[in-house]
Every structure is written in structure tokens, then in C-alpha cells.
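Quick mapping for you: the protein sequence lines, in order, are chains Y and S.
Under the working numbering, think of the first position of the first sequence as 1, with each following residue one higher.
Under the working numbering, think of the first position of the second sequence as 1, with each following residue one higher.
Treat the hints with caution; some may be incorrect.
Claimed, not checked - Residues from chain Y shown here face chain S by an in silico Cβ test under 7 Å; the list is partial:
1. A3
2. A6
3. T45
4. T64
5. G135
To be verified - Which bits of chain Y does chain S cover? Going by a derived footprint, with three or more residues having C-beta under 8 Å, they are:
6. 24–37
7. 46–52
8. 94–104
Treat the hints as calculated values from the structure; they're not laboratory data.
All figures in this text were calculated on a predicted structure; none of them were measured in a lab.
Ideal Cβ placement from N, Cα and C applies to all residues, glycine included.
As a plain string of letters, each chain reads:
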Amino acid sequence: MGATVALQVTVNGESHDSEVPARMLLVHYLRDELGLTGTHVGCDTSNCGACTCLVDGESAKSCTVLAVQCDGAQITTIEGMAGPDGELHALQEGFWAEHGLQCGYCTPGMIMAAADLLERRTADGPISEQEVRKGLEGNLCRCTGYHNIVKAVQAAAEASREVAA
Amino acid sequence: MQTPAPCEYSRATSVDDAIAQLQALGGNARILAGGYSLIPMMKLRLANPGHVIDINPLESELNYIRQEGNEIRIGALTRHVNMLESDLLSQVFPHIFREAEAVLADPVVRNRGTMGGSLCQSDPAEDLSGVVVALKGEAVLRGPGGAERVVGMEEFHLGPYMTSVQPTEMLIEVRIPTHSGFGGAHEKVERRAGDFAIVAASAALAIEGGRITFAGVACSAVGPTTLHIERAEKALVGQAPSEDLFAQCGQMAAADCSPNSDGRGPADYKRHVAGVLTTRALSRAAATAVS
Ligand SMILES: Cc1cc2nc3c(=O)[nH]c(=O)nc-3n(C[C@H](O)[C@H](O)[C@H](O)COP(=O)(O)OP(=O)(O)OC[C@H]3O[C@@H](n4cnc5c(N)ncnc54)[C@H](O)[C@@H]3O)c2cc1C
Ligand code: FES
Ligand code: FES
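Could you build all of it, start to finish, from the sequences and the hints given here?
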């Protein structure tokens, strides 16, 4: 199996200490060790983005990161997006309101990639369709044709702007 | 479910520590940077290192973009997103870095993927390698005992997935000469957003007093490495920029490249695209240089 390595990570605000094989991928750690199955495996080849989560605030394809690389890191998965009383995150609200999903397989990854996109954005003013499409190039959806995903992210951006204003 | 084969893992505490670890492990180890090429290859058993040495803890030592005299220096662990967003790079080398980085992979990959990983992967379809070849950048390699050597891209890229980096060496920095009157461009045709190129062309020109004083032309995905189109460069230097001249250079690129037919298209199609993209990139580079 190769040696195991000590790993301390904070996932969605909760600290975990584990011993994991060096070769274990972050997505398998999240799903199989922590039971956080909201992070999906789509392609397994770094292409589809279904496994996207935030590592220290930046989006990463968790099928392409070793769990041990995240020692000391803060990780956010889709399970960590809603508030403590279950109120939906603006992006979750947006996907719900705009029908941004059909089967839902790509949705957690889409939301995590969109969270990075909105977080990084420095421009004020509404986010354009083109900006959202470029920003989500790493995430594939086989169902929706993307139109409603774009609208969902724009709605979330708008809602956050209103809150900030 | 794909998983890499069992391996050992360690973190580097400094560049010299990483090199000492490479030396101690005697060729059985690989450097892990962004991981977006190495980990997929490990999953497919195309790479089977017994040990990976994680250099991500070396951010403060190896992630930088700075100007020193007539050179831009980019640390090996500089992420694609840093190059995309760098104001210094877009000032000194308009618009070649930003154009290439904007179409390189996708934002999630660009968050972690690095300069060093891109060059060391030596994938002939790499966008960033094409840019560094066109700009005639040099790679600084460090080996045991702190010994450093500086190699040009011709010497660096030996073939597909092969470089002249020795098993006990690390790429630490890329150095790129600056030019006044600079303009650059990167053109890419891809099957879909975020994919590697069917063909890409990178063009770098410096124009002063109406004459081309520096020319770099490279094509990606049409040869065993990112190809340097030498004949076009020779034809450009000393001349006044013109659309005719750029069209001739496109013909040279089409003639001098050596594409294979594969899932991304037949060889004659790629040859044609290499010509068109080279001409387009040169003419946009010239427009930027004189503006
Ligand atoms: C979905 C997807 C799409 C992509 N699309 C594109 C694209 O369109 N265009 C493009 O150009 N690239 C593309 N890439 C590749 C991307 O640019 C990778 O990030 C890059 O090739 C490798 O960088 P890395 O830092 O991830 O390297 P790693 O995967 O960590 O390493 C790659 C290789 O380089 C070696 N290495 C890394 N750093 C050093 C160093 N400092 N010294 C010595 N050896 C080192 C490693 O040992 C390994 O052999 C894509 C990747 C993915 C996953
Ligand atoms: S499962 Fe990770 S990118 Fe598709
Ligand atoms: S909703 Fe089915 S894959 Fe996107």
C-alpha cells in the first residue's frame, strides 16, 4: 500500500486527524473517509470538474490532488456552503431559482467553481454571460446546455451585490 | 475509480532539500508541482514514481515574476493564474502571456498548474511552452551542491515528454529577455473549451524604427516538441513588417512543421492551420508592437 501519512485537515469548519495512504486522492478521502459524498467523481481524468472543491479558498479538482497535500488546509465542499441553520448559499438559491440543474451530477462542482469565480472577481457591476461561461470552462454538464447554469450564477452574483450594497 | 499506484510522499522544505531528496532516492522520485499532468499520468500508470516530492510548500521561494535588468524571471512554481493576472508580464510582453494563459486549460487547472510543470511535462501541445520558445526563454536548472546550468528551450525539450532535466536536477526559474517595441500574440484552435490545442502558434516581435529587430515564432501540437520556426524568424529580422511577409512566414511554418494525424485532426489539416495561425499571430503581434 505504500506508507501512510498523517493528515490534519479542516473540512467545512471541522478539524479531522487521519492516517492516509500517500496515494489517496482528496476526492476519495472526502467521500470514503469522511462520508461527504456531495463531491462527485465524473471523469476521473481531471476534465469534468464534478469533483471541484475549495482548498484554502481556491477551486481545485479533488480527483487530481493527493489528500496528503492538503495537510493543514481548509477545505470547503458543497456540504459546507449552506448556513448553520440550513439557509441556502446564494449560489444554491440561484441554481434552485433558475433551474440550473437537471440530473444534478455536475452541480456541486459547478457551485464550487462558481464560488471561486465570484470570490476572485474585482470588477463591480453585473457579471456578464461571457464572464460566467469563461469562468466555468473547467466544468462540464451533460444535461442543461449551460444556459440556466449561467443564469443561476448571474442571479447569485446579483443577490450578493444587493446584500453588499 | 482511478488511483495512482502505491507510492511514498514527502514535502520539500527548500529547493536544495528537494534536490537532496531526489539524489537520495536515486531516480525513483518525481517532483510534484501543480499535479495536473503528473497525477493523471500516475492514475494511468504512464508515470510510476516510487516517491513523489511535493514542492508546493516552496511558494515563497519559487513563486515570483520579477524584472532584473533586461530579463523577466519567472519562478518554477508560479501558477498559471499568476501569469494570467500579472500586470508586469502584460506590460513587458503584451499580449502573449495573457492570451496563452486565457486559453490554457480552465480556471480550476490554472489555480494550481505551474510554469515548471508545464515546461517539464514537455507535452508538444503545451501553450505556455510555445510562448517560452517564441520568447527565446532559458531554463535555470539546479543540481546537487547548488550547481546551476542555464539551457535554451532547444536543448531543454528533447522530445515528447522528454527534457534534459537530469533525475537529480530541478527547474527553478525561467529567464526571458525583454525588448523595446515588443508585441506578441498567441493563437489557438481547440476542439472545445479547456482542451489542448489542435494547433497553436505563438509570435513575438520587436519593432523599432519601422524594422523588425527581434522575432520569435513557435507552433504547438505539430511536432515532437513545441517547434521553433527558425526559417520564419530569419526571414523576419531586419525587415519592415508587412502582411505579405507574415503570409510567407505562415507558409514556412506550414512547410516546416511535422504534425501527426490523430483524434484532433488529419496531418494536412493541422499543417494548414499552423500556417494560418502563424500569419494571424504575427500580424497581431506587429500591430501591438507599433501601437
Ligand atoms: C483538463 C486539463 C486541461 C489542460 N489543458 C491544457 C491546455 O490547453 N494547454 C496547456 O498548455 N496545458 C494544459 N494542461 C496542462 C496544464 O498546463 C498543467 O498544469 C501543466 O502541464 C503541468 O503543470 P503542473 O504544475 O500541474 O505539473 P505537474 O503535474 O506537477 O508536473 C508535471 C511534470 O513536470 C515535473 N516537474 C514539475 N515541476 C518541476 C520542476 N520545478 N523541476 C523539475 N521537474 C518538475 C513533474 O515531475 C512531472 O513530471 C491541461 C491540464 C488539464 C488537467
Ligand atoms: S472527476 Fe475530477 S475532474 Fe472529473
Ligand atoms: S445537470 Fe446533469 S450533468 Fe449537469
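Hint numbers not upheld by this structure, sorted from lowest to highest: Checked against the structure, the hints that fail are numbers 2, 8, while the rest are satisfied.
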